Every structure is written in structure tokens, then in C-alpha cells.
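Novice: This is what each chain is made of:
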Amino acid sequence: MTTAIETETLGKRYGRRWALTDCTLSIPGGRVVGLVGPNGAGKTTLLHLAVGLLQPSAGSISVLGGVPAAGPEQLARIGFLAQESPTYARLTVGQHLQMGQWLNPSWDTDFAAQRVAELGLDVGQRAGTLSGGQRAQLALTLAVAKRPELLVLDEPVAALDPLARREFLQTLMEVVAIHGVSVVLSSHLIADLERVCDYLVVLVAGRVALTGDVDELLACHHRLTGPRRDVSDLPGNQSVIEESHTEKQSTLLVRTTDPILDPAWTVTPVTLDDVVLAYMRQARDGGPRSTNHLAVAR
Amino acid sequence: MIEFHLDPSSGVATYLQLVQQVHQALQLGLLEPGDRLPTAQQVVASLAINPNTVLKAYRDLEREGLVRARPGLGTFVVGRLPRTDPAAQARFRRSMTSWLRSARDAGLSPDEIEAIYRTAFRDCFTEGVA
Amino acid sequence: MTRFAWLQSRTQTLTVAAILAALAIAAAITGVQLAHLYNIDVRHCQSSCDLALSQWLSRQTFLQHTLDILSRVAPALIGIFWGAPLLAREFETGTFRLAWTQSVSRSRWVLTKLGMGALATVVVAGALTLTITWWYRAIDLASSNQYSLFDQRDIAPIGYALFAFAVGALIGAVIRRTVPAMATTLGVYVFARIATTIWIRPNLMSPLRKFLALAGASPTSPVQLGVGMHNGGHLQLFAKGDGPEGSWTLTSHLVNSAGHQLSPAQISTFLHQYCPNVGPPPLATKPGQGVARVIGPDAGRACLEQVAKTFHLVVTYQPASRYWTFQWLETGIFAVLALTAAAGCYSWVTRRAS
Chain R
1 MTTAIETETL GKRYGRRWAL TDCTLSIPGG RVVGLVGPNG AGKTTLLHLA VGLLQPSAGS
61 ISVLGGVPAA GPEQLARIGF LAQESPTYAR LTVGQHLQMG QWLNPSWDTD FAAQRVAELG
121 LDVGQRAGTL SGGQRAQLAL TLAVAKRPEL LVLDEPVAAL DPLARREFLQ TLMEVVAIHG
181 VSVVLSSHLI ADLERVCDYL VVLVAGRVAL TGDVDELLAC HHRLTGPRRD VSDLPGNQSV
241 IEESHTEKQS TLLVRTTDPI LDPAWTVTPV TLDDVVLAYM RQARDGGPRS TNHLAVAR
Chain X
1 MIEFHLDPSS GVATYLQLVQ QVHQALQLGL LEPGDRLPTA QQVVASLAIN PNTVLKAYRD
61 LEREGLVRAR PGLGTFVVGR LPRTDPAAQA RFRRSMTSWL RSARDAGLSP DEIEAIYRTA
121 FRDCFTEGVA
Chain Z
1 MTRFAWLQSR TQTLTVAAIL AALAIAAAIT GVQLAHLYNI DVRHCQSSCD LALSQWLSRQ
61 TFLQHTLDIL SRVAPALIGI FWGAPLLARE FETGTFRLAW TQSVSRSRWV LTKLGMGALA
121 TVVVAGALTL TITWWYRAID LASSNQYSLF DQRDIAPIGY ALFAFAVGAL IGAVIRRTVP
181 AMATTLGVYV FARIATTIWI RPNLMSPLRK FLALAGASPT SPVQLGVGMH NGGHLQLFAK
241 GDGPEGSWTL TSHLVNSAGH QLSPAQISTF LHQYCPNVGP PPLATKPGQG VARVIGPDAG
301 RACLEQVAKT FHLVVTYQPA SRYWTFQWLE TGIFAVLALT AAAGCYSWVT RRAS
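Residue numbers (my numbering), protein chains in the order written: chain R, 1 to 298; chain X, 1 to 130; chain Z, 1 to 354.
The hints are simulated quantities; they were obtained by calculation from the structure and are not laboratory data.
The structure displayed is predicted, hence computed values, not measured ones.
Some hints here could point you the wrong way.
Said to hold, decoys possible - Looking from chain R toward chain Z, a few residues come up when the C-beta cut is under 8 Å (computed):
| id | residue |
| --- | --- |
| 1 | L64 |
| 2 | G65 |
| 3 | V67 |
| 4 | P72 |
| 5 | A76 |
| 6 | A82 |
| 7 | P86 |
| 8 | Y88 |
| 9 | M99 |
| 10 | L103 |
| 11 | P105 |
| 12 | K146 |
| 13 | D213 |
| 14 | L217 |
| 15 | C220 |
| 16 | H222 |
Heads up, the beta-carbon is just placed ideally off N, CA and C, and yes, glycines get one too.
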């Protein structure tokens, strides 16, 4: 499988503030990749760099082996859905499809028309009068009908009600099942992504906090509960991500590929939510550049 | 054709839930050899889950010998669930009952007994835990 | 991209075209009528020709006013309503993120939008100014100096409109908010036009000079001469003359026999010496009312005769023959400015990261 997005110490600066610092990623293709992090973590910046809306301030990025927005051919390989699904309010649904046809040589007219019919959208209706969910579906149709190899979606469901959210993800997964596109989608809520992602990238304060295959991440993280003890005497192959202690009890989130042999620990499963939150907290509270420092510079 | 459902809060991996639901359907006779399972496209269009999850579940079922994928046609049920010998089942229930009685007589509370059971169960079937 | 750019601007372009067409039809009908009536009433008038002329001039006042206003504001309107929103709206609504991730390069996107908008601007401005110039031709001949309507006739409005459009597009691309861009475009356009009219246009070619004699001049003759007070202040000489027929007079001032312009001190000295009896008027009825008031026919006339013997008037002007040269020069200047603005816009959009 080709690499979908490859970055090397990628950085992006606005004035004096670094929105993204020292990002080195190798996001595999053929997956549904979730990009998660708190607001302001740099998710939108990273995605905009991937589709060529921004230029890097430091480092490099390559998408599907090419330079983002290097030319029409590169642009044709990637479908993008910007935050809040911008559409031309005064143009109709049908005119948006026209636009797609005129501006994309790889446009699949039949697919687009069929999709719009299945969604129940009125081709004569102006995009400005569509609901949020309908606009998101229209924007998704526009991104998919050009038959890209990679779909990049920036917080596609953030502003949608639960039903619209579910329908959007259903449509998206159906597209993946039929066409086999790679997908990178971002959200600040892990719940949105848990169902659909099989690869995860966690961004906190402009840096990569965690990346990996979801199944592997869940397999190598465990919650250990047991009597209160000092964690410095744990075996070297276990790294503690998070720890909390009461007078009598210690609870740890550890990362290890080996089995837990110490019988004093009760091992319980972790959810993806647990893992992501733990890494987010670790990134925020520890590390050379804390969020507080950046807030002052901002 | 059966329809899958997902329980996100059960702590059980999605693909395992699909496998279990196929097992249940086979047990209840809702699925019989020759029936076609829903395509990955159909499953994800209704559940909004990753298609790879569905493929993983179907691969597991194929490894168990319960289904076979026919390219271009779909995935079909080919086997039945092995029925364990009722005599073997009765034997294990008897030894379980006697263990429970000893634990109770030793002074363990029902909750303690259940905790011990759950831990041991989990350790034994580790790949079944998310 | 061309088809899509047309789709985006279709409604507003067709609306303007429809309005223009209606205007053109109205102009065609009334213009022919007007010319016809001129032939009948004015050219072949036997008596009271002034009255006939002024009556004829007061026809079609609605259309006169409409076309007059349009000729002044149309270029600015094009800049504000076509130029400023062209790119600003895409940035403001975020649709540029949709447009820049289709399979067309940013460069082609901005060039197509600019190019088509410029073309539409030239066509609309050209049609409008053609209509107006043609409709007004008889009236202009009868009543005014062609230089006084310089920026409302012939080809200059096309240059203005193109400039307004291009500068609007540039400002819209930089500011990225439609309404502030519109306001800023208006300001920049007005400044550019005023600056050109006051500082550049008079000096496009070296003005010609002409010496005018002051003999026989009075406050009411073609060469005007008078003496009086303004605001109840000092005694002053008022002298003003025009260049030849149809020319654009830039300056006129008094010079002595050596050809040098007079300083206020020199005028003062002269007045004290030769016009002592020209005294202050009775209490002014309203402050600020200056008047060239000749006190007593003999004293005043003697004063003015002495002025005519000592000084003459120099006028600098641009002759009528240069009118079209100036039209082309000014249109050219604004076209170059437009091109510069468009190049700046292109560079801003394609180079600036996001």
C-alpha cells in the first residue's frame, strides 16, 4: 500500500505562533485514518498543508508521493471537504455538479447524479437553503465524484445533528467499501471516529502525541489496578502513560507488547477514548512546550 | 439475510460482535448453509463502521470453516456450528458446580467468586478482549 | 473554468446587460427625436433663437439626468460591485477552499476570473459610454466645452471602469471581506481620479500660452477685469481670461511688460498709486459677499484703463486639438494602472500561502 501522507519535521507558523511543530508522520494508504485533537491543536493546519491550501514554514510533506497542489494532476487525486462544507449559496445542487464536471477531468457524472438522487437532494435547490447535513452530503459527493485516491475531510460532522452525522458516516463508509479510497478525517471528538477509523493520529498543541493502528493501540495498552505502589520499579518494557494514586490504590495506563506477569495487578481493557485522552493529557501537561507557553505567545 | 447491529458500549470489539451474531444466527437456525451474508457495502451502509472490520469478521468465520467467500458473488454460509457432545457439557457443569460449592463453603462471597471467575475467563481467552 | 466563471457571474452580468439594453433603446428613440427637433427648432430659428435653444436644451430632462449620473458613477459602481466581491466573497464564505481543491490550479482560477471580469467591464463600459456620448452629441455641441465633460464622454470612462474593477479585485483579495473591500475600493478609486484630474491631466502635455490684452476688459466681457474688495478686506484686482474656443484653460494671471507674474506687493503698490478713489463699500449686507464694485464711473474707469496700459493677461491652456490625444493618454494611464493592479492581484493570490 502506498503511503497516503508522509511528513518530515513539518512545521507551520503564523506570525510568531507555530501552529504545527516538528511533525513527522507516515500515514498509510488504504485505511480510514482519524486525526484527533483538541481545538487549536493544528488538525486543520495539517490537512490544509496536505491539500496545498497552505505552504510549510519548515520541513516537508508529500501526499500520495506528490507535492500538494503541484498541478492539476495532483489536485485530481485528492478530494477535500473543508470545515463547515463551504458551498456556493446562490448556485443550485445541479450547478455544483456542473462545476465538478467542468473543473475535474476525472469526474464521474453518473455516479454524482445517482448519489444525489439517492440522497434525496433536489437538483434545482440552491445550496444556501440546504440543511447542514445536506450541504455536507453535497460537499462529500463533490469530493468523491472526481474519483480521488485519497479523501481528506476536515471535521465533516462537527456541526451536524446526530442523525445527519450517522447518515454522513454511512455514506462515507459505503464509498470506502465500493471504491477503496483512503480517507483521512479529523475531529475533536473521539466518539465520531471510533466507529470508522482503523488508524489514528493524535495531535496536541501542534505536535504529534500518538500515532498507530487502532487494533494495535488497543492491544498494547492496558489499565492496571492494584494496591498502591511506586511505579519506578515496573519492568522496563512497560511504559506508564498515565498514573493516578489514592491512599490505598494505584491505577496505571501502560503501554507494552509483552504480557503482564505481575499477579498484584488487575488488568482491565481500555477503550480508544481512554488511550487518546491519556496521551492528550500527557502531551498537555508534560513535554518541552506546554500549551500555556503557546497561549502567552499567542 | 441477517442484519447486524452494534453495541458500542459493550467493550467487545466490533468485528467480534459480528462474528458472535453470525454464530447466534446459525444456532437459532436463522442462517443455514447456502445463505448469503450481507456484503461489506451493505453492512457499512447501515452501521457506519469501517469496511475492513467486516472483512476481518468474515475472514475469521471463513477460518472457522463456517463461511466461504466466492469472488464476485458474495460470502456464503457453508457449515454448521459444532455441537458439543451433551455428555461433555454435563461433565463440565458438574465440575463447575462442585467448585462453586467449595468456594462458597470456604467463605467467599458471590461477588468475590464472580471476580475470580471473570479474571480467569479473561486470562484464558485473551484474544477475545478489546 | 471559463464556463464556471461565467456561471458564477451570469446573473449580475445579464442584469446589467438588460438595463443597458433598455437604456440604449430609450436613448436611440429619444436621441433621434432630439436631433430632429434641433434641426427644426434651433438651427432654422428665425427669431428669439436663445429662447429656442434653451427650450430645446430642457427637453428629455429625465434621461439627461439619468445618463449624466450614470456617466459619473458607472465606473466606480463597476469597481465596487464587480471588482471588490470577485475574490473577497470567495474568501469570506470559504468557497475558495472548495475552488482551490478542484483540479484547476490557483493560477488558472484567478486569471480566468480576472480576465472574464475585465472583458465584461470593457464591454459594459464601452456600450454605456458609446450610448451616452452619442445621445449627448447635439447637446454637447450646443452648450458646452468638450473638456468640461472629459471624464464623462468618449473613451476615458472605459479606462476608469477597468481600473476600478482591477483595483477592486486586488483590494478584495487582500482584505478578504466584501463590504470593507467595497468601501476601500471606492476610496482608492476616488483618490486616483481626483489625483489624476488635478495633478496629472493638466500636465500630460506642456500647456500652450497666450497673451491677452486687457483693453476693453470689464467684469462682464470675455476677458474679465475688475477691482473691488472681498470680505471687506484689501482692494484687489480680479483678472481672468480664457484660451481659444473649445480649449481647456488652466491658469490665467496678470503679468507685467517683462512677462513676469505680479506679486501681491506689486499689485498693492500699483493700486495705491493709480486707484486711490476706489473705496470701501457701505456696510456689507452679508459677510463673505465679495463684489467687484466700481466706485464712481470715472475713478473706476481710469483705474482700469491704467491697468490695461500697464499689464496684460497670460493664459495657459490645452487646445481643442489635443482633446483626443488626452483621452487616449488618460485612458492609457488608467489601463496601465489596471494592469498593474491585476498583476498584483494575481501575484497575491498565487504566491501567498493561503
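Novice: Please go over all the hints and tell whether each is borne out by the structure.
Specialist: Right, here's what the structure says about each hint:
no. : hint : verdict
1   : L64  : violated (14 Å)
2   : G65  : violated (17 Å)
3   : V67  : violated (13 Å)
4   : P72  : holds (5 Å)
5   : A76  : holds (4 Å)
6   : A82  : holds (4 Å)
7   : P86  : holds (4 Å)
8   : Y88  : holds (6 Å)
9   : M99  : holds (5 Å)
10  : L103 : holds (4 Å)
11  : P105 : holds (6 Å)
12  : K146 : holds (7 Å)
13  : D213 : violated (28 Å)
14  : L217 : violated (30 Å)
15  : C220 : violated (36 Å)
16  : H222 : violated (41 Å)
In this structure, the earlier hints numbered 1, 2, 3, 13, 14, 15 and 16 are contradicted, and the remaining ones agree with it.
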